[in-house]
Amino acid sequence: MCGIVAYTGKNAASRIILEGLKRLEYRGYDSAGLSIWNNNSLKPIKKTGRVDTLDREVKRT
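In my numbering, the protein residues as written are 1 to 61.
Since the hints were made in silico from the structure, they are not lab data.
None of these values were measured; they are calculated from a predicted model.
A hint or two may mislead.
What the hints assert, rightly or not - Here are the simulated DMTMM-like pairs of lysine to aspartate or glutamate, each with C-alpha atoms no more than 25 Å apart in a straight line:
no. : residue 1 : residue 2
1   : Lys43     : Glu57
2   : Lys43     : Glu25
3   : Lys47     : Asp30
4   : Lys47     : Glu19
5   : Lys59     : Glu19
6   : Lys46     : Glu57
7   : Lys43     : Asp55
8   : Lys59     : Glu25
Sequences and hints are given; from them, build the entire structure.
Next comes the structure, spelled out in structure tokens:
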């Protein structure tokens with residue numbers, strides 16, 4: 001099932017989006033992703049599995 005989280009503002013967006021995705025995780029999980037606008041470009045990050053897998057990838061980048 002699909003769940004969408006969005007954020008616009010001056011705070012660290014990835015932390016806010018990941019928390020929102022974790023709150024939706026009870027709906028089921030097969031993959032998760034997010035895109036961050038930074039330095040005039042959009043950077044998508046996608047991972048198969050639980051949101052924790054995406055969280056680890058975001059921390060690496």
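Going through the numbered hints above, which ones does this structure break? Give me the numbers in ascending order. none
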